[in-house]
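Enquirer: Chain by chain, the residues:
Number of protein chains: 6
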Amino acid sequence: MTTTLTDENRRKLRRVSTATLTTALFKRGFRNQFIQDVRPLAPLNESVVGEAFTLRYIPAREDLDKLSAFEGTSHPQRRAIEDCPPGHVMVIDSRKDPRAASAGGILVSRLMQRGVAGIVTDGGFRDSPEIAEMGFPAYHNRPSAPTNLIRHHALDINAPIACGDVAVYPGDIVVGDSEGVCIIPAHLANEIAPEAYEQTAYEDFVAERVRGGQGIFGLYPANDETKAAFAQWRPGWS
Amino acid sequence: MTTTLTDENRRKLRRVSTATLTTALFKRGFRNQFIQDVRPLAPLNESVVGEAFTLRYIPAREDLDKLSAFEGTSHPQRRAIEDCPPGHVMVIDSRKDPRAASAGGILVSRLMQRGVAGIVTDGGFRDSPEIAEMGFPAYHNRPSAPTNLIRHHALDINAPIACGDVAVYPGDIVVGDSEGVCIIPAHLANEIAPEAYEQTAYEDFVAERVRGGQGIFGLYPANDETKAAFAQWRPGWS
Amino acid sequence: MTTTLTDENRRKLRRVSTATLTTALFKRGFRNQFIQDVRPLAPLNESVVGEAFTLRYIPAREDLDKLSAFEGTSHPQRRAIEDCPPGHVMVIDSRKDPRAASAGGILVSRLMQRGVAGIVTDGGFRDSPEIAEMGFPAYHNRPSAPTNLIRHHALDINAPIACGDVAVYPGDIVVGDSEGVCIIPAHLANEIAPEAYEQTAYEDFVAERVRGGQGIFGLYPANDETKAAFAQWRPGWS
Amino acid sequence: MTTTLTDENRRKLRRVSTATLTTALFKRGFRNQFIQDVRPLAPLNESVVGEAFTLRYIPAREDLDKLSAFEGTSHPQRRAIEDCPPGHVMVIDSRKDPRAASAGGILVSRLMQRGVAGIVTDGGFRDSPEIAEMGFPAYHNRPSAPTNLIRHHALDINAPIACGDVAVYPGDIVVGDSEGVCIIPAHLANEIAPEAYEQTAYEDFVAERVRGGQGIFGLYPANDETKAAFAQWRPGWS
Amino acid sequence: MTTTLTDENRRKLRRVSTATLTTALFKRGFRNQFIQDVRPLAPLNESVVGEAFTLRYIPAREDLDKLSAFEGTSHPQRRAIEDCPPGHVMVIDSRKDPRAASAGGILVSRLMQRGVAGIVTDGGFRDSPEIAEMGFPAYHNRPSAPTNLIRHHALDINAPIACGDVAVYPGDIVVGDSEGVCIIPAHLANEIAPEAYEQTAYEDFVAERVRGGQGIFGLYPANDETKAAFAQWRPGWS
Amino acid sequence: MTTTLTDENRRKLRRVSTATLTTALFKRGFRNQFIQDVRPLAPLNESVVGEAFTLRYIPAREDLDKLSAFEGTSHPQRRAIEDCPPGHVMVIDSRKDPRAASAGGILVSRLMQRGVAGIVTDGGFRDSPEIAEMGFPAYHNRPSAPTNLIRHHALDINAPIACGDVAVYPGDIVVGDSEGVCIIPAHLANEIAPEAYEQTAYEDFVAERVRGGQGIFGLYPANDETKAAFAQWRPGWS
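Residue numbers (the working numbering), protein chains in the order written: chain S, 7 to 244; chain V, 7 to 244; chain B, 7 to 244; chain Y, 7 to 244; chain W, 7 to 244; chain Z, 7 to 244.
Hints should not be assumed to be uniformly reliable.
Because identical chains cannot be distinguished in the list, a pair is counted as satisfied if it fits within a single copy or across any two copies.
Calculated pairs, BS3-like style, for lysine-lysine (alpha carbon to alpha carbon, straight line, at most 25 Å) [what the hints assert, rightly or not]: (1) K233 - K72; (2) K33 - K72; (3) K18 - K33; (4) K233 - K18; (5) K233 - K33.
Just so you know, these hints were derived from the structure itself, not from any lab. Note that the coordinates shown come from a computational prediction; the quantities given were computed from them, not determined experimentally.
Chain S extracted, bound-state conformation (with noise of 0.2 Å):
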């Protein structure tokens, strides 16, 4: 039932922000996509896009969710990371909790290093201004330094979840700007993409046409006049 994410579309989603997507979306009825509560760690020159590969966590229970925990390869957070497929966008629901930390620094970093696109958690990062200066998407509610295990036991890999409200399946396409996360669905992203495209180059021009002094009435939304000038001013955009 899901298609692909086509490379062409991958590029497109790149120049198109989340507040673009929101539209999109809520033409067709969506209007609970956008990740609430959520930050970048530090500004992005262009959105981060990426299927999302998902890690579940629920509260931490004090005889299982000890350091031990981590050693050995089954613990689910050290396996997603080294699990996570290159591309993909790591979303963690961390339950809005950002009282423990969700990842920190070396985890990130890991990621970075296997082509992972980013990563978004409803929690806290430690280690954030670090992971700051990674260069890599990486987007929370609030720095967290506590330990993870102090709130979080890491349980599935890639199962449905909730992250700041939204639901996340696997798969679903997450795409990041400098305000915050939005998810297609898998489904309807090849759809969406060419759309919010387009939509992103009739903004532009309308940006243009109010720093030159026009009103929007007719502008935004556009009235036939205005389609028309687009018309005329689009080969021009890229």
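Could you slot chains V, B, Y, W and Z onto chain S? The hints should help.
Expert: Only chains V, B, Y, W and Z this time, still in chain S's reference frame:
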């Protein structure tokens, strides 16, 4: 690794309060086994006791969560209602979101008919006035009329979940009284039940003494003299 | 554009629960018509039904909101109490702030004397124990003794408002039961009332069947066999 | 600087509601004397009145807050229970954190035996169903089974505290009714008590008039005619 | 009743911080004129000053708030963008809900072109990275990509509103700096501006003294000796 | 019972992150030593380290908390600013309430002049843009212009307090970095400092290896081979 709760211990736990259980768990290092911010729809005469049978919700998505989802026999919420074993307690992870219902009167009535022991959600129930009159142990955050599908998508049956900031593993022993709900890790239930039962005897003794005018020093906790007095008193309690 | 609610439909809505109404509204695409986080001060025997008559508060300002503001006949809170038409429900936008009262026992008693059907605030009432004993449908977030002027400045009478995160337009049909309050857009009330009434009949049928031991598959929602059985049962219900 | 509350005024305050008191305090410039978001475990027949005797908690620390801390006679929580003077109201600063108990049934029972007038916390009580049946004025945010030591470290006895966002100084007059709890600064209690008592008489008069069909303009607040009518009615009230 | 802010006072207020203004207002009994929990999208070099021009949102309703609502010239959000007078500050009541945008980059750019002085919402802006780079004073709670219509229905233009728990009346003087936004009731602005300007001079003097090693006693607040020293220092400040 | 932090260990802690410290504390059973939801006003180059010197606020009361309270030399806030020993960190219990300022630019500047090491509040600072430019370690929840007296009454100097849900005892070692603030119980600081310093060396080694392409299994945590490699690498680190 899990030991089955014996009938004797199940009987004992029905006499025990969640307050007494949290202390027994704290002695063993557990600080977070009381489900936060849920309450019974009606007071209970004795504690409800049963194995946890869990249901997990993630946020709804408009294209998946339509009324037609309830048709057939595969919707996980409906499936769970018919599959929850008698004597168990259904525990629902509603992500602490009571803005739409976790379940309603008809489903709760069905659980009751099937011999299920109780139901707990960290969201809310609809038809809450009817549920309150059923004489069935039910716990939620607050009443919530909106239909389940508006906010929730039922996903996993009997996987480990979060409920009210507590980790709940299938088979854990759920104990609820008029105060709230406590989760006993499965492997500790047979150890804790007799200890908490004896502590209940002791607290009844203390309560009697306090009502008789005795001060709390030396009584609560007990000094040697008090321990001796209790030893004499104890046989009359059951 | 608004159709007056017929007497027949008003009568029918008194038999209908807010839970049933949210489903009828959800079928039509409305996801947000249940006022969040308010509760009745006392349980109701049948649903209260009436047209919304609104009052809007903004935050108080110390130079404007003194006790002398209540003198005369122009203070909008006092004005609204005397002007709310019989049979209507007063709905107050208190910005979800229960730290000072939205109204108190004397004003609520006056509303009751005047034949008003009920009162709803997303803040709190003072004199709440007395209001609870009046037998008058009243809904709030929690009791709040501090006088209105400490936090609230009454402004608009009968303008569209927010109440508990729901849009309320004057003339919308307010339905409240022991669970909470649902807002039916005015133009839909005559359409929804008979449908919800019939759904109530069906749910009573289902409840009877479930109490008799029947499972929910095929029953809720109904398959063809169940629909036929209900058709036979229906004439005995009213 | 503090004046002792006279017996006559103590008696008068038992007839007065917290709503009436907040207005008397507001007249004198006090906007924040009602403890926010606490409620009585059981309704009261008349207001509880007593001097504040305070207890302050800070967050627990694992090496200090073990069960053994309750042994001996020096733990501040236990000390406070035995030291709170009869007729006073114990007020606990639990930092608005109900995730672990502020106190439980045995300690509250001991307070009651000792003639203490009531207890207030901005956290929660454990054994709340038993406390609710004691007939002892007790106020909290919500029930909380977990033992005190999990979250709270008892520190100061009878120092100024915060409770529910209100400043409480030892010796302030605490008045609680079925609605909640109001704090009267100690030096104002003898001034406010008779004034609030008379206002209560007036509000009973108004309530009677409103039930008889009179409108609120000129009645609440009173114009000269109403003042005269009240002067005639007043002698029959006590 | 409103006095127009003089050019001289407007110039003076640009040198004044919101911190200094809240103190001047507190002296006059105002405790609640700082908009809570909003922040500038980019730091400001001098304070923004302008008359409040308001916009009020209520919650969206699915049948009214569709993308087609933006067509034509009557949608209140679009209308307000074109109607807000140059030099004024647009202040939006978004009910403290940042889950959908209050406005976006194109509309804010248009405001800037039109000579409007700034924009404030207690919700969030979309296209926030672009807005941050415009050099236009803009304040919100947090970035929010989802289109306005998902949560908000624009209703009133230039009516009194709540913004961040503060009452804002059209024509009030809005002052914003890198810390946040303060609302000066219109009739007080010409009185407060010169006083706050002089206080700013004094605080610059104090800051210089503190950097030079002087202690705060006698300096802040000033004793007579300090007042004399300041009188000598003052002429060099502007 | 408190051991003085040695100069060597103070130096070592300046190289250590709060993330590393929370793990060292967790090993010893401490789960709650990171101050929740505060952030530095400006990033730090190395960690700030100092003994806690505390200040406690309770809610303001209108008759006590007037601007005249700041006159003289006895106001506890002003007193604390002059009395906090050089090298210490002032930690303020503002009850997590940032609606009025905990302190402002002049007082913070004075602390800096006096050689105090830093300041932490779980409320907010006014003049926050100036404080951010001082190069002085300062942590708060969010900027807050309103003058201290509107919400806060300064009470205790150097008593145990709550700050951001953490217990802070005078003399505890406060360590802050660009991520946040961690509290080390005084008696553990000399034990934890060298351990955390060595762990920092190890994490630098790990980070280097991860940037070089090594996976995390066997590396973090270390297996025997990795331990040997680190032993060889360690001498080059300082």
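Enquirer: So which of those numbered hints doesn't the model satisfy?
Expert: Violated: none.
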